Amino acid sequence: MANMRTMSFDAVIVGGGGSGMRAALQLSQSGYKTAVITKVFPTRSHTVSAQGGITCAIASDDPNDQWQWHMYDTIKGSDYIGDQEAIEYMCQTGPEAIFELEHMGLPFSRTEEGRIYQRPFGGQSKDFGNGGQAARTCAAADRTGHALLHTLYQGNLKSETTFLNEWYAVDIVKNEDNAVVGVVAIDIETGETVYVKSKATVFATGGAGRIYASTTNAHICTGDGVGMALRAGFPVQDIEMWQFHPTGIHGAGTLVTEGCRGEGGYLINKDGERFMERYAPNAKDLAGRDVVARSMVLEILEGRGCGPDGDHVYLKLDHLGEETLNAKLPGILELSRTFAHADPVVEPIPVVPTCHYMMGGIPTNVDGQALTIDAEGNDQVIEGFYACGEAACVSVHGANRLGGNSLLDLVVFGRASGMFIEKQLREGINLKDASEADIERAMTGLNRINNSSDGEQASVLRAELQTIMQNYFGVFRRGDFMKQGIEKLNALRPRIENVALDDKSNAFNTARIEALELQNLFATAEATAIAAEGRTESRGAHAREDFQERDDENWLCHSVYFPGSKTLGKRGVNFNLKTREAFEPKIRTY
Amino acid sequence: MLNVSIYRYNPEVDSEPYMQDYQVDTQGKDVMVLDVLEKLKVEDPSLSFRRSCREGVCGSDGLNISGKNGLACITPLSSAVKGNKLVIRPLPGLPVIRDLVIDMSQFYAQYEKIQPYMINNSPAPAIERLQSPEERAKLDGLYECILCACCSTACPSFWWNPEKFIGPSGLLQAYRFLADSRDTATEERLANLDDPFSVFRCHGIMNCVQVCPKGLNPTKAIGHIRNMLVRSAT
Chain A
40 MANMRTMSFD AVIVGGGGSG MRAALQLSQS GYKTAVITKV FPTRSHTVSA
90 QGGITCAIAS DDPNDQWQWH MYDTIKGSDY IGDQEAIEYM CQTGPEAIFE
140 LEHMGLPFSR TEEGRIYQRP FGGQSKDFGN GGQAARTCAA ADRTGHALLH
190 TLYQGNLKSE TTFLNEWYAV DIVKNEDNAV VGVVAIDIET GETVYVKSKA
240 TVFATGGAGR IYASTTNAHI CTGDGVGMAL RAGFPVQDIE MWQFHPTGIH
290 GAGTLVTEGC RGEGGYLINK DGERFMERYA PNAKDLAGRD VVARSMVLEI
340 LEGRGCGPDG DHVYLKLDHL GEETLNAKLP GILELSRTFA HADPVVEPIP
390 VVPTCHYMMG GIPTNVDGQA LTIDAEGNDQ VIEGFYACGE AACVSVHGAN
440 RLGGNSLLDL VVFGRASGMF IEKQLREGIN LKDASEADIE RAMTGLNRIN
490 NSSDGEQASV LRAELQTIMQ NYFGVFRRGD FMKQGIEKLN ALRPRIENVA
540 LDDKSNAFNT ARIEALELQN LFATAEATAI AAEGRTESRG AHAREDFQER
590 DDENWLCHSV YFPGSKTLGK RGVNFNLKTR EAFEPKIRTY
Chain B
3 MLNVSIYRYN PEVDSEPYMQ DYQVDTQGKD VMVLDVLEKL KVEDPSLSFR
53 RSCREGVCGS DGLNISGKNG LACITPLSSA VKGNKLVIRP LPGLPVIRDL
103 VIDMSQFYAQ YEKIQPYMIN NSPAPAIERL QSPEERAKLD GLYECILCAC
153 CSTACPSFWW NPEKFIGPSG LLQAYRFLAD SRDTATEERL ANLDDPFSVF
203 RCHGIMNCVQ VCPKGLNPTK AIGHIRNMLV RSAT
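Heads up: the sequence lines are chains A and B, in that order.
Sequential numbering from 40 applies to the first sequence in our numbering.
Sequential numbering from 3 applies to the second sequence in our numbering.
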C-alpha cells in the first residue's frame with residue numbers, strides 16, 4: 040500500500056445527506072478546503088425520502104408559538120432520556136436554521152400571509168402540553184426532504200464544496216494517539232483506494248434501517264458510520280432504540296407521512312373503528328409514534344387487523360377530499376397508487392408499523408464532537424472525530440423521536456458541527472500524521488474481502504440477518520427471544536465475515552460495496568441486539584413484554600455499547616437546561 | 003418464466019457490450035422492474051446498476067426499459083413487458099461505465115451551468131422572505147425534478163449537442179429559478195442562456211414530457227424561457 044494516493048482536506052464529511060451537506064456548507068462558505076465523500080450522488084441520499092416536514096417554532100401557524108413548548112414536547116417524546124441541553128439548543132436555534140434554508144431557496148409551502156406553511160404532527164402541543172394540538176411542522180407539500188436536500192446541494196455547488204461522489208468510505212484511520220485523521224475510501228467508478236486525510240472527520244452517514252426485513256429506509260441505509268466507529272473501537276449509544284413508523288405501506292415498506300394524520304387522516308381496524316381513540320384519548324392518531332405503532336400491533340394481534348391475513352390496518356384519507364389531498368399530499372397519492380394499488384381519494388391505504396429510524400448512534404456533544412467513555416465513566420472527546428444527523432446520538436430523540444424532528448436535527452447539528460470545526464480550524468488543529476501501519480490497519484477489512492476465496496453471497500446473508508432482526512428485535516421484545524436472536528447472530532457472524540466476492544474487478548463493482556455494507560449492517564445489528572437485551576425496562580420505542588414498566592431508578596440513562604468487550608454500560612442523561620430548570624420525568628400519556 | 007434481456011459491459015473483461023438473457027420467475031406477480039434486477043443480482047452479483055430509495059424520489063435508477071426511459075423502481079412489469087420479454091438497457095446517449103451504470107458528468111455539468119441556486123443579494127430579513135401561495139404555486143411542476151436524466155437522455159437535441167444544449171432537465175431547473183419570486187437574478191440568468199444552443203436547440207419533440215417519471219413538463223418550461231428571452235431582446 041506504499042503507493043496509495045493521499046488526498047488532504049481541512050474537513051472531510053462522510054455522507055452527502057442533509058446533515059453532511061449542512062456541515063459542508065458551513066465550512067466551504069468559510070473558505071475551508073472541504074470534501075464530502077458520498078456513496079451515492081448527494082441528491083440520492085435518504086434525506087430525499089423525508090416527506091411531512093421539519094418541526095420548528097417559527098410562529099407562522101400560531102404567532103404566539105414558543106420554542107420552549109417544542110422543547111417540552113421533544114423531551115416528553117424522548118421518554119426523558121433525550122439530553123435536555125441538546126434539545127434546548129435544537130429548539131432554540133431551529134428558527135434561525137430554517138430561515139437560512141428558506142433564504143437559500145427551499146420552496147416551502149405558504150400561508151395566505153406569505154409565511155411558511157406549518158402542519159400538525161404527532162406529539163405536538165401548545166403551552167407545555169396544556170394548550171391542545173400545535174401545528175409546528177414546516178412543510179414543502181409532502182416532499183420536504185427532497186426540497187431540503189436539493190437546496191443544500193445547490194448551496195454547496197455555490198460555495199464550491201469538493202464532492203467525491205460515488206466514493207465509499209471503508210474504515211477510519213487513527214494515529215498513534217487514537218485520534219481520527221481521515222478515512223480510507225474507494226472511488227467506486229475506478230476501484231481506486233485512497234487515503235483521504237483530514238484535520239476533522241465528520242460522520243454524517245445516516246441510519247441503518249436495512250438491518251430489518253421491513254423498513255422505510257433506502258437500500259443505502261446500511262449503518263456504515265456505526266460499523267466503522269465500532270470497528271475503530273468507539274462506542275455507540277442507545278442503539279437499542281429503533282423507531283417503527285406507524286404507516287409503512289403493507290408489503291412494500293414505503294413510507295406514508297405522519298402528515299397524513301396531521302392533515303386529518305386516521306387509522307381504522309377491520310371493523311372500521313378509529314381505534315386510536317381507545318389508546319390515546321386526547322392526541323388520538325397524533326400520539327407519539329411508539330404509542331401508535333404498538334396500538335396497531337395490538338389491534339392486529341387481537342384479531343382486528345385488515346386484509347385476508349388480518350396483518351395490517353387502514354389509513355383513511357378519503358374524507359379529506361380530492362382537492363386537499365392534491366394540494367397537501369400529492370406525493371402520497373402517487374406512492375399509494377404505485378405501491379399499494381390503492382387510490383387514497385376513494386379508498387384507505389393498507390399500512391403496518393415499519394422500521395424507520397435509528398435513535399441511537401455515535402455519542403456526541405452539542406458541537407458534534409464524538410465521545411467515548413473512560414474507565415471512570417467520564418465523557419472523553421475523540422480528537423478529530425465528529426458525527427451529526429441520524430448516525431449521531433447527540434441525543435435529541437432519546438427513546439422515541441417526534442415526527443419532523445429528524446430534519447431539524449440534521450440541519451441544526453450539521454450546522455453546529457460545521458461552526459465548531461470552523462472555530463477549531465481557526466485556532467489550529469494539530470494532529471499527528473498517520474503512519475503507514477495506521478493506514479494499513481484501516482485496510483484490513485477491505486483486504487479480507489478482496490482476498491475472499493469461498494463463502495456465501497452477500498444477498499443471502501443479508502436476508503438472513505434482516506429476518507433475525509425482524510423476528511427477535513421488533514416492536515415488542517422479550518428477553519428469552521432476544522437471547523435466541525443473539526445466538527443466531529453469533530452463528531451468522533463468521534459466515535458474514537467470510538462473505539464471498541467472486542467478482543474482483545474494479546470498475547463500478549457494486550458487489551464489493553455490498554459485501555462491505557454487510558459488515559456494517561451486522562455490526563449495527565449486533566450492537567442493537569446486545570443493547571436491547573440489556574435494557575431491562577420498557578421506554579419509548581423499546582417495549583419489553585417481560586419488563587413492561589419504565590424503570591427510572593435503573594434506566595433513566597443512556598445505554599453505551601462497547602465493541603471491544605461487547606458489553607453494555609450506562610451514561611447519565613443531561614438535565615442541564617441553560618434557560619430554565621430541567622423537565623423532570625413524568626408518566627408519559629397522550 | 004419471464005425472459006429478461008440485459009445490456010452487459012464490464013470494461014475490464016469485455017471487448018464490447020452484449021445483451022445477456024436471463025429467465026426470472028416472478029410468480030406471476032406484477033412487481034417492479036427494480037425487483038427483477040435485485041432478484042437477478044442475487045444469482046449474478048456481477049450485474050451492476052444504481053438504486054437507492056426504491057420509491058421514485060431519489061432518481062438513481064433511470065434506465066431504458068423496453069425502449070422507454072423510466073425509473074426501474076416505479077415501473078411495473080405490466081407496463082414494460084411485451085410478449086413476455088423485458089429489455090433493460092442503460093439510459094441512451096451518455097458513456098457507459100459498466101452494465102447499466104452510465105457516466106452522468108455531462109448531464110450534471112449542464113445542471114451546474116444554469117446556476118441552480120437562489121440568487122438574491124438584498125439583505126436577508128430576520129424571518130423568511132414572504133411569498134404568496136400564488137407565487138409559490140409557480141414552482142409546482144418544476145422543483146420536483148429528481149435529476150434522474152430520463153428526459154435529457156431521451157432528447158435527440160441533447161444527443162447531438164450534449165456540451166452546448168442545456169437539455170430538458172437543466173432548463174426545467176433554469177426556469178424553476180426564473181419563476182421564483184424570491185430570485186433577483188433574472189437578467190443575469192437570461193443573459194447566460196442567450197445563445198443559439200443553450201435553449202434554442204430544443205425543437206419541441208417532447209420526448210422529455212413523455213418519459214418524465216414525475217409527470218413534469220420540461221417543454222412547457224422551455225417555452226416560458228424562450229418567451230422571456232424574446233421579450234428581453236425586444
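Just so you know, the hints here were simulated from the structure itself, not pulled from any lab data.
Computed from a predicted structure; not experimentally measured.
Even glycine gets a Cβ: it sits at the ideal position worked out from N, Cα and C.
Hints may contain errors.
Partial pick of chain B residues on the chain A-facing surface, computed with a CB cut under 8 Å [to be verified]: (1) Tyr9; (2) Arg10; (3) Asn12; (4) Asp16; (5) Val83; (6) Lys84; (7) Leu96; (8) Glu130; (9) Leu132; (10) Arg228.
Hints versus structure:
Hint status for Tyr9 of chain B: violated, given a least beta-carbon distance of 14 Å to chain A, over 8 Å. A hinted interface residue such as Arg10 of chain B counts as satisfied when its beta carbon comes closer than 8 Å to some beta carbon of chain A; here the least separation is about 12 Å, so the hint is violated. Because the smallest distance between the Cβ of Asn12 of chain B and any Cβ of chain A comes to about 6 Å, under 8 Å, the interface hint for this residue holds. Because the smallest distance between the Cβ of Asp16 of chain B and any Cβ of chain A comes to about 10 Å, over 8 Å, the interface hint for this residue is violated.
Residue-level restraint check for Val83 of chain B is violated (minimum Cβ-Cβ distance to chain A is 17 Å; threshold 8 Å). For Lys84 of chain B, the interface hint is violated, since its Cβ never comes within 8 Å of a Cβ in chain A; the closest pair sits about 21 Å apart. Among the interface hints, the one on Leu96 of chain B is violated; its C-beta lies about 13 Å from the nearest C-beta in chain A, farther than the 8 Å criterion. Given hint, Glu130 of chain B at the interface with chain A, holds; its Cβ is 4 Å from that chain's nearest Cβ, closer than 8 Å.
Against a cut-off of 8 Å between C-beta atoms, the interface hint on Leu132 of chain B holds, since the closest Cβ of chain A lies about 3 Å away. A least Cβ separation of about 23 Å between Arg228 of chain B and chain A goes past the 8 Å threshold, and the interface hint is therefore violated.
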